[in-house]
Amino acid sequence: MQAKEMTLKPILEGEKQYLVPLYQRTYAWQKPQLERLWADVVAQAEALGDDPNSPGHFVGSLVLAPANATIAGGVQRWLVVDGQQRLTTLMLALAALRDHVRAESPRAADRIHRQWLVNEYQTGNDHFKLLPTQTDREAFTACIAAEHKPTGGNVAAAYRYFLGQIAAADDPEDPDDLNRIEQAIVSRLDVVSVTAEQDDNVHRIFESLNNTGMALSLGDLLRNHLFMLLPSRAEDVYTKVWAPMQEVLGTQHVETLAYLDLVLRGQPELRRSDTYLAQQKRFRPIAHDEDAVETEIVELARRARHLHAIIHPDSLTEPPDREAAAALRRLAQWGGEAVYPVLMVLLDRRETGRAAEGEAETAMLYLESYLVRRMLCGRTASGINRALAQSAIAAAETPDAAEALRVFLSQPRRFWPDDEQLAESIQTLNFYWVGRASQRLFVLRRLEESYGHKELIDWEQTTVQVEHVLPQTPTPEWLALLEPDVEPGETPADLHQRVVHLLGNLTLTGYNPDLSNKPFADKRELLRFSKFSMSTEVARQPSWGLPQIRDRGAALAARAAAVWPGPRREATATDVSDQWQAVRRICAAMPEGTWTSYGDLAAVSGVHPKPLGNYLAGRPVPNAWRVLRADGTVSAEFRWPDPARTDKPSDVLRAEGIRFTEKGRAEPAQRLGPLDLAALIGIEVPAEATNDRDEQRFWLQLEANQPTTVRDGVRRLLDDWGAAGGAFSWGTGAQTSCFPMVHYSEHFWPWAIKPTSGVVEVVFQHLTTRPPFDDTAVRDEFRTMVNKIPGVDIPISRLELRPSVPLALLGDEDGLQAACEAQRWFLERVRASHVSGLTPSTGRGLEPDLVVPGLQKHRHPTDGPEVS
5 MQAKEMTLKP ILEGEKQYLV PLYQRTYAWQ KPQLERLWAD VVAQAEALGD DPNSPGHFVG
65 SLVLAPANAT IAGGVQRWLV VDGQQRLTTL MLALAALRDH VRAESPRAAD RIHRQWLVNE
125 YQTGNDHFKL LPTQTDREAF TACIAAEHKP TGGNVAAAYR YFLGQIAAAD DPEDPDDLNR
185 IEQAIVSRLD VVSVTAEQDD NVHRIFESLN NTGMALSLGD LLRNHLFMLL PSRAEDVYTK
245 VWAPMQEVLG TQHVETLAYL DLVLRGQPEL RRSDTYLAQQ KRFRPIAHDE DAVETEIVEL
305 ARRARHLHAI IHPDSLTEPP DREAAAALRR LAQWGGEAVY PVLMVLLDRR ETGRAAEGEA
365 ETAMLYLESY LVRRMLCGRT ASGINRALAQ SAIAAAETPD AAEALRVFLS QPRRFWPDDE
425 QLAESIQTLN FYWVGRASQR LFVLRRLEES YGHKELIDWE QTTVQVEHVL PQTPTPEWLA
485 LLEPDVEPGE TPADLHQRVV HLLGNLTLTG YNPDLSNKPF ADKRELLRFS KFSMSTEVAR
545 QPSWGLPQIR DRGAALAARA AAVWPGPRRE ATATDVSDQW QAVRRICAAM PEGTWTSYGD
605 LAAVSGVHPK PLGNYLAGRP VPNAWRVLRA DGTVSAEFRW PDPARTDKPS DVLRAEGIRF
665 TEKGRAEPAQ RLGPLDLAAL IGIEVPAEAT NDRDEQRFWL QLEANQPTTV RDGVRRLLDD
725 WGAAGGAFSW GTGAQTSCFP MVHYSEHFWP WAIKPTSGVV EVVFQHLTTR PPFDDTAVRD
785 EFRTMVNKIP GVDIPISRLE LRPSVPLALL GDEDGLQAAC EAQRWFLERV RASHVSGLTP
845 STGRGLEPDL VVPGLQKHRH PTDGPEVS
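To get our numbering, take the position in the sequence shown, counting from 1, and add 4.
All clues stand as given, with none of them false.
Lysine-lysine pairs mimicking DSS-like chemistry, simulated, CA-CA at most 27 Å apart: (1) K652 to K614; (2) K13 to K35; (3) K8 to K285; (4) K8 to K20; (5) K522 to K535; (6) K652 to K667; (7) K285 to K244.
What the hints contain is simulated information worked out from the structure, not anything from laboratory work.
Based on the provided sequences and hints, a complete structural model is requested.
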């Protein structure tokens, strides 16, 4: 076997083909692995821009063996014994890059295709430089051939992931950024190419590579290496220094400490995965000096105290440390390790007496402000690790670390939003979907504290939830309040979707279920007695609509600016919002056979639907044809970026698998709503919002498949159930069913309403295990009640099955009234047999597509067509 370090470039150049043997597993990389590799690509692209001569980054090994099918003078064929996951992923990244650049430069796309992805002059399977296993081959070759894109499986998911990331990385102001990404992939990611000889046993090599036991952690490797450098005093140093440090930090945090140690020694560009090799290199000059090695280990242990305080702020118990502990606690609650290098510098300065009074606390507040303001302005965390690592070094040896940190982070390309940008973003961005759920709650808590409570709020002992004043699922009464403020061409439901998740519409409450969709007058009475000042402030409003949401947003923006001080005035962040980047990422990630609306896309990206339409019509955004009007029709303003293109978007959508109704509207079941779009780009969405999405799908499907009389009947039937105190749950399958629920020790539902197939399924089968309906006589009573609906005659022989009743019968007044009587009878029988009160549900025996955690206590449906 021969081993040689090389990049992807020589591996792919020339007429070569890499075959993945059948004994290899199928393509298995998912988002965590893709994110790590993409981070390496981005880091190398940035390094290429800073210093073209900087070293590349090692990403792993590639073990190859000659394939027997190689023909002299033809394509060189190799078996991929190990490394196929990485090789497949890099090829998919190149395919995504090719497809992204095609709109602006077909010539560049063609070059990428011919140079890296295919053997230009070969046909059939020989045309492809990589042939995965049979299971993955169709999806992979579809991506490489650019004929159509697969919609399922890990191959398709990886391709869409890279499309989204490349769209996000494409800076219109930088003509070379995509070229640097290409060069990073093919010329800056180093692999050790291990080539087996013709006589080597390839299968045995594969087995030995994959049966090496549990790998040592980086901390284990570093410890072993360092103590090999201490032949005469290893035991003493280990017992007195290393073991106590490792016990306090844990092995995982020893790895973090080793990384931070290198960053603070002037290596802010270091990748975490390179820590071990970099520490080896650092110790090489003193490898034969045990005194020097011991001194460095003692210094690591000293820095370990700082890291322990960062991870466990409550360990700082002395009175002089209280403010610093509080600031550290807030940063720990925010989450993430990007701030660690700066915090290590600040704590080191405090310990060594180099910090001015209050310096560390002020600097930590600047850090908190930098993180929070970026989040409130929709800025992603991309590049933040590198920026903060550099800022730590900049602040380390200055008279005032806090001011040095502020100056560094105020540079325009660091994107620290000023007060004006903060106020604008709070009025336009969807706060409920930015950042993580814990970070959103952190912001609201800090704003609540700014009201100046006499006693500090003990959040650990306080039950708190985020409440939408204008509810997420509005009643007709709520929509009527929005009517006066709609813009031309906009419906109240469009306006609702645009403003419902703004910060100005959100507050804190301890009793969210009691508020639900109540009219504002009822909500106001409950909020008047809230212990949260931001809620009692809302209760002082006479009504609630767009003007109140805007006014409150402005007031909260002013509070936010006071809580989190901004950058230096002479330096303002440019291009602070990632809104258009989010639009490009979402569109790129949408799979074939799906569509969305301008309103849905606007709700997730934070862009108003009108400029969004102009943006999609005027720029080469990937998959822009999959964005339709709310009713599923193509916008009259849609234009292809290529003026020569004349095919209809609807024909393209049909070819991709979109079904259209007789009215020319895209099938609602294939629509991706805001929650689906958010999931495509990894936005963390509150769990309760999922229920709203599924409810909207139910009404959209009902609208698309049933006449007005039936829709009205269903609406009245469910209103009757809700008025009687029933709950609701919604299916998650392609057909979104509605389950009228009541929950005691078990979940009970009399029937499932199927909007697409147009039936009401009476669920006798599920009731057979739930008292009192486990009694055949009681189920028969229910059958008798259902049979009172005109046109229904369920035989007694079906008492253990799930017979269906036509949904159309609810369009008749007599049928509707009989159905209401049957479900009220059902509800009373359940209550009568569970007089002992509510107990937690077991969830046993539920429908496969039924989501129990999303049960809604009350439901007030909106008309399907108004949901955009």
